[in-house]
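Here is what each chain is made of, one letter per residue.
There are 2 protein chains.
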Amino acid sequence: MQYHVDGELVPEDDATVSVLDRGFMYGDAAFETLRVYGGVPFEWDAHRDRLQYTAETLGFADAVPADLRERVDETLAANDIEEAYCKVSVSRGVQPGTLDPQPQVDPTVVVIVKPLPRGGRDGDPVWDGPATVQTVRTRQVPSEAVPADIKSHNYLNGILGRLELRRSAGDGDPADECVLRDTDGNIAEGATSNLFFVTENGLRTPSAELDLLAGVTRDIVIELARDEGFPVETGAYSLDALRNADEAFLTNSTWEIRPIGTVDGIDVGAGPMTKLLQRLYDERVETAHY
Amino acid sequence: MQYHVDGELVPEDDATVSVLDRGFMYGDAAFETLRVYGGVPFEWDAHRDRLQYTAETLGFADAVPADLRERVDETLAANDIEEAYCKVSVSRGVQPGTLDPQPQVDPTVVVIVKPLPRGGRDGDPVWDGPATVQTVRTRQVPSEAVPADIKSHNYLNGILGRLELRRSAGDGDPADECVLRDTDGNIAEGATSNLFFVTENGLRTPSAELDLLAGVTRDIVIELARDEGFPVETGAYSLDALRNADEAFLTNSTWEIRPIGTVDGIDVGAGPMTKLLQRLYDERVETAHY
Chain A
773 MQYHVDGELV PEDDATVSVL DRGFMYGDAA FETLRVYGGV PFEWDAHRDR LQYTAETLGF
833 ADAVPADLRE RVDETLAAND IEEAYCKVSV SRGVQPGTLD PQPQVDPTVV VIVKPLPRGG
893 RDGDPVWDGP ATVQTVRTRQ VPSEAVPADI KSHNYLNGIL GRLELRRSAG DGDPADECVL
953 RDTDGNIAEG ATSNLFFVTE NGLRTPSAEL DLLAGVTRDI VIELARDEGF PVETGAYSLD
1013 ALRNADEAFL TNSTWEIRPI GTVDGIDVGA GPMTKLLQRL YDERVETAHY
Chain B
773 MQYHVDGELV PEDDATVSVL DRGFMYGDAA FETLRVYGGV PFEWDAHRDR LQYTAETLGF
833 ADAVPADLRE RVDETLAAND IEEAYCKVSV SRGVQPGTLD PQPQVDPTVV VIVKPLPRGG
893 RDGDPVWDGP ATVQTVRTRQ VPSEAVPADI KSHNYLNGIL GRLELRRSAG DGDPADECVL
953 RDTDGNIAEG ATSNLFFVTE NGLRTPSAEL DLLAGVTRDI VIELARDEGF PVETGAYSLD
1013 ALRNADEAFL TNSTWEIRPI GTVDGIDVGA GPMTKLLQRL YDERVETAHY
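Just so you know, the protein sequences line up as chains A and B, in that order. Heads up, the first sequence stops at 1062 in the working numbering, and the numbers go up one at a time, no gaps. Heads up, the second sequence stops at 1062 in the working numbering, and the numbers go up one at a time, no gaps.
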């Protein structure tokens, strides 16, 4: 594979950053992950806007390069792939001194891609079955400490959640995703996904007012459901609400819409709402990209 | 300068990590910063133990190399410096897949040094005056989200605190350190330092039971004060307690004991207790290293 690092295409083995890069030293970087369908990044504007929002929140508003999309396209072309996972990172780069962020920023910009199956109507999901989901003790970082609505390289919170899954599985297979609750005990999100569930009253998902990252896929799913006239409620929900749901699923750019098979060992599973939304999502990808 | 990366001494410009290194992608790494006096790392065992503790907490207990001390010594020798700042990092390295931490770890180990003035009785502090300190809105990450007693490359919490200082300073000079409170409003620590203050009842510092990293220098200062028969109290304190103190100071390995000049513009300053502890600290360094 070839990656795009600091404005240049380089072979994977040469794709490096300085050990003094603040992305490495402090996780002081913004990122986005997205899907590429038929050679074109899906929902590019939404991802670019959020990357910009993260950069602004972290005080390096001018660091996102104007030609970022071209860098993504060049990376795809260099690797000759049209169906891909893509990760774009912008770090505060190397700065003099230690922790203090300096106004003068020479950012490090990295684009990574890897092949994925086709999406859309004739596509295959990247997962091999419904997700097993398990609640963990690790709580979501509250926004008063680090804003939950930015996507940064500080990802230990989610890693600690996943680590709990591995530790509790012993020699067995860990669950696919953890449920992180906020410090008040409301369900917030997975380590890399948003949570949805279905009750007799319609589709529900934790509110973006809570400490969570409201993903691009989450927004699309809400829009698809509302376009079909299904009631969508966002709010503060307990674990029991999720466990007792008729259907539940996870969303992120890579997984798209992944049914939740079990929560803490309790069967939940897909159903007509999940399946319809998956179909609508596939249609949207198909129409836009193939 | 030459740095030690992955077992090799390399010139600074070649000191890099892969863009796929989890240290860069997620801040998924442990670190320590320490002082080297007279060619010998100060309180090496305490720093090494904490590095090991962080690595264990993050699930890569076996990643800290047995020859870590030799790598530090080699780096000092290669740069021909005996008085130094030293940062040692161990990341989970490159792993297959995305976020899920895998049990099989090929860590990335980095040692960075840079020259500092001599320490001890005839030493000079690295700072040029008492610290101006300002309270920020950003709160400490609670341990239920990410344990506060590990030292990881997830450092945005402190960076956001420092960023508030810069933003509130406008075109002026930002304060030297921020005071982060925990989510309950107790004072916790600075972005890179522990807080101490002096009242008529003795020396006080926020309890290690709170969400903070109890530094190696903090431990030494508590020990020095107790050895002199001064009462030391640890507890949960308000901002007012700090602002109204007779004396106050910050500690970390690099600053050692740095007086606090002002808190939120209120004069606090050094006094006999701070000066005595500085002298005792210098003696300890002098005796051990020169």
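Hints should not be assumed to be uniformly reliable.
[To be verified] For lysine-lysine, the following DSSO-like pairs were computed, each having C-alpha atoms within a straight-line distance of at most 30 Å:
id : chain 1 : residue 1 : chain 2 : residue 2
1  : A       : Lys-1047  : A       : Lys-859
2  : A       : Lys-1047  : A       : Lys-923
3  : A       : Lys-859   : B       : Lys-859
4  : A       : Lys-859   : B       : Lys-923
5  : B       : Lys-886   : B       : Lys-1047
6  : A       : Lys-886   : A       : Lys-923
7  : A       : Lys-886   : B       : Lys-1047
8  : A       : Lys-886   : A       : Lys-1047
9  : A       : Lys-859   : A       : Lys-923
10 : A       : Lys-923   : B       : Lys-1047
11 : B       : Lys-886   : B       : Lys-923
12 : B       : Lys-1047  : B       : Lys-859
It should be emphasised that the hints constitute simulated quantities derived from the structure, not laboratory data.
Hints, verified against the model:
1. A:Lys-1047 with A:Lys-859: holds, 28 Å
2. A:Lys-1047 with A:Lys-923: holds, 29 Å
3. A:Lys-859 with B:Lys-859: This hinted pair holds, its Cα atoms lying about 29 Å apart.
4. A:Lys-859 with B:Lys-923: holds, 27 Å
5. B:Lys-886 with B:Lys-1047: The given pair, whose Cα atoms are some 27 Å apart, holds under the 30 Å limit.
6. A:Lys-886 with A:Lys-923: holds, 20 Å
7. A:Lys-886 with B:Lys-1047: With a Cα-Cα distance of about 59 Å, the restraint between Lys-886 of chain A and Lys-1047 of chain B is violated, given a limit of 30 Å.
8. A:Lys-886 with A:Lys-1047: Roughly 27 Å between the alpha carbons, so the hint for Lys-886 of chain A and Lys-1047 of chain A holds.
9. A:Lys-859 with A:Lys-923: This hinted pair holds, its Cα atoms lying about 12 Å apart.
10. A:Lys-923 with B:Lys-1047: Outside the cut-off at roughly 44 Å; violated.
11. B:Lys-886 with B:Lys-923: holds, 20 Å
12. B:Lys-1047 with B:Lys-859: The hint holds at about 28 Å.
The structure fails to meet hints 7 and 10 from the earlier list, while all remaining hints are met.
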